[in-house]
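Using the hints, build the complex out of the two chains.
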Amino acid sequence: AQKVTQAQTEISVVEKEDVTLDCVYETRDTTYYLFWYKQPPSGELVFLIRRNSFDEQNEISGRYSWNFQKSTSSFNFTITASQVVDSAVYFCALISAGAGSYQLTFGKGTKLSVIP
Amino acid sequence: EPEVTQTPSHQVTQMGQEVILRCVPISNHLYFYWYRQILGQKVEFLVSFYNNEISEKSEIFDDQFSVERPDGSNFTLKIRSTKLEDSAMYFCASSEMGTGTVSKGYTFGSGTRLTVV
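Line by line, the protein sequences give chains A and B.
Heads up, the final residue of the first sequence is numbered 177 in the numbering used here, and it's a clean run with no missing numbers.
Heads up, the final residue of the second sequence is numbered 119 in the numbering used here, and it's a clean run with no missing numbers.
Looking at chain B on its own, in the form it has when it is part of the complex (with noise of 0.2 Å):
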């Protein structure tokens, strides 16, 4: 079955240095998202992605987020200069949805633990 992979799987930072998440969705999805899990919590939306721009992002995608498709496969997650409450799960996921239909909903990958110290 097609997976999404994210890379790092964790990523241990200094507070202020930029991090790069990396995701390749699945190949013939056209939707890309990315959600966040502080620990112990519930997931939170980020930002969606379409067609090379962003169709929708939450209060949370502040002016230190930023997202880009640099080719045809990847999908990243910039933080410019981290805090330490950006410690979380980054999920990274995509979907089909640019037929108007929903199967699963989306699809997502395993993960970015991102620690900032």
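The following block holds chain A by itself, in its conformation from the complex (with noise of 0.2 Å):
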């Protein structure tokens, strides 16, 4: 079975400092799928990053960066100078390919409020 761990329910940060979203995520397959999602006041679901459990190469894009470490399964999300913009609650997420399973297995969400 397969699990993902958001521990942070609610992040506040005065804008431009760094935050970091913790996800930690369990799975017995050896092939896996990790993404990060956004959810804005308005609802939708925003892609923001996959990851492939044989690739740990750490992403930057922008003011965004991952962090991706089979060895304690977790995989950060670090935001950088954030902006009242980045407000909103984001979702760590686990495809575990096993037996061909495609579904999507969410963390809680961890609400982001950044405070002008």
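It cannot be assumed that every hint is accurate.
List of simulated lysine-lysine pairs, DSS-like, C-alpha gap at most 25 Å [what the hints assert, rightly or not]:
(1) A:172 with B:85
(2) B:44 with A:131
(3) B:44 with A:99
(4) A:172 with A:64
(5) A:169 with B:59
(6) A:64 with B:44
(7) B:59 with A:64
(8) B:85 with A:169
(9) B:44 with A:169
FYI, nobody ran anything at the bench for these hints, they're computed from the structure.
Next comes the structure, spelled out in structure tokens:
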């Protein structure tokens, strides 16, 4: 069975601060995929990034960066110089591709509030 | 960029009534999904659909739920007799994973907010 844990329920930061959102996953499969989605107040789910289990290279995209560490089963997300527009709920999710399942398992989400 | 389209964006229905939520997946995608998010909670998997049949379903997806791809473009979720606890945001998604690859995971629609009163 697979599981995603986002231990931080809510985080508040002041604009321009850096913030890291934690994600810990559990799976028995050796092939899996990790994702981050953003859910702004309008409610839609916005894809941010996908990572394969066989690719531990970290990634940076503008102010966003992701740190994937298989040794600790973590896939953390850092926003540098946060902005008010970053205020949203962020979900970490996992596809554990064993037995042909492509079901996305979501964490409970972290609500980020960026205060001006 | 191709989109998954869901209609309506918001539906209010009386308890016990049937509702049909509609989705138009991305045209070259092969897998289709419904997810549910009760207000303030996490997004939960309901069902996946491939090759005109259900490929996976969760415990939530009981006999009150059904899915259908009535033509080449639409993908629907029917709830036969709605209950108060069915109130949630329902997301449709599609993916190109028929090739065995995972690119963006899924492309989600904007959701239908269902309110059962």
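Status of each hint after checking the structure:
1. Restraint check: the Cα-Cα separation between residue 172 of chain A and residue 85 of chain B comes to about 28 Å, which exceeds 25 Å; the hinted pair is violated.
2. A distance of roughly 24 Å separates the Cα atoms of residue 44 of chain B and residue 131 of chain A; the hinted pair therefore holds under the 25 Å criterion.
3. A threshold of 25 Å between alpha carbons decides the hint, and for residue 44 of chain B with residue 99 of chain A the separation of about 12 Å falls inside it, so the pair holds.
4. About 19 Å separates the Cα atoms of residue 172 of chain A and residue 64 of chain A, which keeps this hinted pair within 25 Å; it holds.
5. For the given pair, residue 169 of chain A sits about 20 Å from residue 59 of chain B by alpha-carbon distance, which is consistent with the 25 Å threshold.
6. Simply put, residue 64 of chain A and residue 44 of chain B have alpha-carbon atoms about 12 Å apart, close enough for the 25 Å limit, and the pair holds.
7. Restraint check for residue 59 of chain B and residue 64 of chain A: the C-alpha separation of about 17 Å stays at or below 25 Å, so the hint holds.
8. For a cut-off of 25 Å, the pair hint linking residue 85 of chain B to residue 169 of chain A stands: about 24 Å separates their Cα positions.
9. Taking the CA atoms of residue 44 of chain B and residue 169 of chain A, the gap is near 5 Å; set against the 25 Å cutoff, the hint holds.
Taken one by one, the earlier hints fail for this structure only at number 1.
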